[in-house]
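Undergrad: So the chains spell out like this:
Protein chains: 2
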Amino acid sequence: MKPSIPKGTRDFSTLEMSRRNYIFDTIRTVFGLFGYRQIETPAMENLSTLMGKYGEEGDKLLFKILNSGDFLAGADPKLLQEADSLHLTSQIAEKGLRYDLTVPFARFVVQHRNELQFPFKRFQIQPVWRADRPQKGRYREFYQCDADVIGSDSLINEVELLQLIDEVFARLGISITIKLNNRKVLAGIAELIGSPDKLIDITVAIDKIDKIGIDKVNEELAERGLSPEAIEALSPILTISGSVEERLARLSELLGQSEIGRLGVDELQYVLSHTAELGLRATLDLDVSLARGLNYYTGTIIEVKANDVAIGSITGGGRYDNLTGVFGLPGVSGVGISFGADRIYDVLNALNLYPAELATATKVLFVNFGAQEAARSMAIIKQFRAAGISAEIYPDEAKMKKQMTYANAAGIPFVAIIGETELEAGTITLKDMVSGTQEQLTALQAIDKLA
Amino acid sequence: MKPSIPKGTRDFSTLEMSRRNYIFDTIRTVFGLFGYRQIETPAMENLSTLMGKYGEEGDKLLFKILNSGDFLAGADPKLLQEADSLHLTSQIAEKGLRYDLTVPFARFVVQHRNELQFPFKRFQIQPVWRADRPQKGRYREFYQCDADVIGSDSLINEVELLQLIDEVFARLGISITIKLNNRKVLAGIAELIGSPDKLIDITVAIDKIDKIGIDKVNEELAERGLSPEAIEALSPILTISGSVEERLARLSELLGQSEIGRLGVDELQYVLSHTAELGLRATLDLDVSLARGLNYYTGTIIEVKANDVAIGSITGGGRYDNLTGVFGLPGVSGVGISFGADRIYDVLNALNLYPAELATATKVLFVNFGAQEAARSMAIIKQFRAAGISAEIYPDEAKMKKQMTYANAAGIPFVAIIGETELEAGTITLKDMVSGTQEQLTALQAIDKLA
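Chains as they are written, first to last, in this note's numbering: chain D, 1 to 451; chain B, 1 to 451.
By construction, these hints were calculated from the structure, which means they are not laboratory data. Bear in mind the structure is a predicted one, so any value in this text is a computation, not a measurement. A portion of the hints provided could be inaccurate.
Repeated chains share a single entry, so a pair holds when one copy, or any two copies, can fit it.
Okay, derived cross-link-like pairs now, DSSO-like style, lysine-lysine, Cα gap no bigger than 27 Å in a straight line [what the hints assert, rightly or not]:
#1 Lys402 with Lys136
#2 Lys7 with Lys363
#3 Lys216 with Lys60
#4 Lys53 with Lys382
#5 Lys60 with Lys2
#6 Lys7 with Lys60
#7 Lys2 with Lys136
#8 Lys53 with Lys2
#9 Lys382 with Lys399
#10 Lys53 with Lys7
#11 Lys53 with Lys208
#12 Lys382 with Lys305
#13 Lys136 with Lys7
#14 Lys53 with Lys401
#15 Lys399 with Lys305
#16 Lys402 with Lys305
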């Protein structure tokens with residue numbers, strides 16, 4: 001039997017973990033600086049919490065957990081006889097695995113609302129599971145890193161989240177463009193052209209204009225059932241160009257008749273200008289075709305792209321006005337973002353952006369020459385560790401060559417040798433595995449050098 | 001609908017998370033100092049990896065994941081008609097949730113053996129899931145923190161792990177006793193009395209001797225089917241007393257005829273003396289009744305008890321000679337320990353041992369008095385964060401009292417006030433929420449004070 005893991009899941013080696021932890025630690029540190037505090041929710045949620053929250057397709061992609069014990073005892077014999085998987089599921093599975101961090105967070109807020117301070121700023125870094133068809137860059141288990149503030153409709157939150165995104169990617173060394181849109185602008189456009197049900201077609205069209213030109217876009221819109229009047233009304237929006245400020249001003253004119261559209265433009269204006277004022281390393285862009293989570297977001301929509309790697313969005317988010325309504329707590333507005341750790345990992349790998357000093361291994365390996373030498377080594381290792389230096393002794397009295405090979409292969413940068421000579425002299429021979437140089441040092445000198 | 005979570009699972013609040021992270025960070029740091037490197041394995045494993053590894057009871061306690069799609073399509077109609085849950089399980093569920101970290105680690109080692117350096121020192125901190133009946137202190141989702149070294153039979157590993165345990169609990173401020181035993185000593189005792197199948201009864205008897213006395217213990221042993229000869233042969237072992245050294249010496253005499261028994265005593269001797277030589281803050285004890293994982297451990301057995309709280313073992317481990325054999329890689333010896341994070345959490349809570357400076361909240365809240373004040377505040381917050389100070393602004397222009405109540409309830413230790421006066425003077429009024437004192441400072445002075 002050759003052992004394996006379920007498709008779409010991954011083992012992470014020690015090297016991969018040191019790199020992943022670098023990403024998670026960076027995000028966690030910045031979340032903390034911005035006043036977001038960590039919570040965790042269980043991997044398993046009641047299926048009643050999860051079902052119906054991600055659309056029909058999402059329901060299918062939920063991993064469901066078989067009830068314990070005699071799970072068929074209460075099942076409908078007719079469904080069993082008919083092998084009706086669909087309707088039997090709810091009778092034999094009560095729990096499912098977390099599909100994202102948003103729905104469990106909404107459940108958390110409602111369940112604990114009397115213990116929480118609002119506005120509640122939380123972050124959460126946990127894996128989620130989806131029974132998607134695995135493919136390159138798409139996994140059945142992956143991490144999400146979410147920060148949300150709930151119970152405040154101030155746009156200051158949006159400005160803060162954009163600064164937070166900027167800070168995370170500046171620390172990671174990834175050059176980014178942050179694209180902004182506002183659901184209310186999209187609502188205004190729909191109002192303007194009288195086709196609110198065609199919003200997705202419209203955003204797809206706006207997205208394609210640069211690639212295929214206005215004529216082809218209009219053809220497509222007609223095929224999708226937009227009336228000639230609607231296509232004509234949309235045309236000025238499709239052809240907006242210029243700087244962010246110019247496009248925003250033009251949008252403001254075009255949506256002048258729509259109250260909700262004007263509100264959306266004002267919100268974009270506020271967020272863009274206040275964020276720019278505070279100074280951002282990222283490029284800020286307005287993208288009216290941005291429609292992620294269309295049925296979910298109600299205000300600001302945020303998407304982040306890496307400038308130097310061709311990959312999908314690496315972070316996204318937005319404002320929602322009714323996250324907790326489905327759990328019985330209506331009227332609570334929130335805004336949040338989600339970092340895609342796995343894609344960020346791919347970007348860092350592609351650009352080789354990991355810091356050189358990333359600790360991927362022990363700092364010093366003490367070679368083991370025998371009982372007496374090992375005893376001295378272990379006493380000195382204790383001092384090393386007390387000084388914060390990661391150190392280990394090769395546990396077996398193996399050939400020198402084998403021990404050096406181990407150090408090399410494990411990427412350990414220093415080897416400490418205590419043989420007969422050093423035992424007598426009370427010293428350590430410290431070998432730099434990169435340069436190959438070695439020197440005789442006392443324990444304290446070695447600690448000074450390595451700490 | 002009142003939202004809830006599956007029984008036996010938990011949400012962790014921001015306060016709980018800061019405390020749990022303190023435990024995990026401490027353990028992780030010490031693991032790193034000792035040269036253990038982190039890996040992660042998927043939450044889901046193939047059931048073929050997990051089944052049969054935890055005994056019949058364990059198989060029942062595995063959470064099994066329903067296959068996606070039409071999971072009944074290939075199911076045996078006869079089993080369906082008979083509602084035979086037991087035999088249907090393997091036809092409708094291929095995956096299960098991780099039950100511990102040990103079996104996935106063994107699978108990992110075998111699967112990746114050509115990429116690993118041996119001896120391989122890894123640590124792993126991840127949740128595990130068991131469909132146990134939930135009760136006080138027993139959860140269906142809980143974290144394990146394991147460190148193992150595999151591919152070395154040197155007893156130096158045992159000495160290092162005892163030092164590691166000592167260091168973790170010293171850092172956490174928990175006074176502990178480390179109990180040691182050796183499976184070979186138990187094998188020697190069984191050999192001595194000619195009842196190898198009664199090993200568990202024997203260890204239970206040894207454990208009870210102090211509480212109920214030798215006569216009652218002998219009665220019990222007779223009831224359990226031990227022959228009068230066996231009981232007589234066991235008697236000198238039951239009555240061993242004195243210091244650790246004295247007990248070890250006596251054990252050595254009594255097991256003189258058993259080769260494996262002598263080997264066990266020698267191993268205990270080595271581990272005890274070498275660990276003591278390096279200096280330990282914990283109390284080291286010999287406990288011949290210690291039998292955890294009897295069918296699993298083959299050498300050293302380790303168990304840790306808190307001295308000041310009545311609670312089960314808070315850490316345990318030992319040496320195993322055939323961890324990977326079941327996956328086709330025989331003859332690889334390893335030794336490992338597992339910290340019980342949830343019980344350690346209970347101990348820290350019971351003794352109130354959390355450090356005072358544990359960051360459970362943002363350091364400074366800036367009060368929001370309106371657009372102009374907020375703009376100035378946000379510019380200064382940016383400087384605070386650049387200096388590593390966690391800071392936030394109350395996003396809404398709410399009443400002062402509401403904002404102060406928020407700071408208080410969230411446990412934020414400092415409030416920064418920028419009103420009209422401060423705006424003109426270019427200062428901040430910084431209020432210490434604990435002492436109630438406040439002072440006028442420039443941004444730089446405030447940073448100096450708080451950083």
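Undergrad: Is the C-alpha distance from Lys402 to Lys136 at most 27 Å within one copy, between copies, in both cases, or in neither?
TA: neither (38 Å within a copy, 50 Å between copies)
Undergrad: Please sort Lys53 with Lys7 into within, between, both or neither, judging by C-alpha distance up to 27 Å.
TA: both (25 Å within a copy, 22 Å between copies)
Undergrad: As a check of your reading, is Lys53 near Lys2 (CA-CA no more than 27 Å) within one copy, between copies, both or neither?
TA: between (39 Å within a copy, 16 Å between copies)
Undergrad: Should Lys53 paired with Lys401 be assigned to within, between, both, or neither, using CA atoms and 27 Å as the limit?
TA: Classified as neither; 59 Å inside a copy, 38 Å across copies.
Undergrad: Can you give me the call for Lys60 and Lys2, within, between, both or neither, at a CA distance of at most 27 Å?
TA: between (30 Å within a copy, 24 Å between copies)
Undergrad: At most 27 Å between CA atoms: does that hold for Lys7 and Lys363 within a copy, between copies, both, or neither?
TA: Cα proximity of Lys7 and Lys363: none, with 35 Å in one copy and 44 Å across.
Undergrad: Should Lys216 paired with Lys60 be assigned to within, between, both, or neither, using CA atoms and 27 Å as the limit?
TA: neither (36 Å within a copy, 61 Å between copies)
Undergrad: Tell me, please, which holds for Lys382 and Lys305 at an alpha-carbon limit of 27 Å: within, between, both or neither?
TA: between (47 Å within a copy, 24 Å between copies)
Undergrad: Within a copy, between copies, both or neither: which one fits Lys382 and Lys399 at a CA-CA cutoff of 27 Å?
TA: So Lys382 and Lys399 pass the 27 Å test inside one copy only (24 Å; across, 56 Å).
Undergrad: Checking an output row: Lys53 and Lys208, CA cutoff 27 Å. Within, between, both or neither?
TA: This pair counts as neither: shortest intra-copy Cα distance 30 Å, inter-copy 55 Å.
Undergrad: Since the copies are identical, ignore which copy is meant and state whether Lys399 and Lys305 lie within 27 Å (CA to CA) inside a copy, between copies, both or neither.
TA: Neither. Shortest intra-copy (51 Å) and inter-copy (39 Å) distances fail the 27 Å Cα cut-off.
Undergrad: Between copies, within a copy, both or neither: which fits Lys7 and Lys60 at Cα up to 27 Å?
TA: both (17 Å within a copy, 24 Å between copies)
Taken one by one, the earlier hints fail for this structure at numbers 1, 2, 3, 4, 11, 14, 15 and 16, listed in ascending order.
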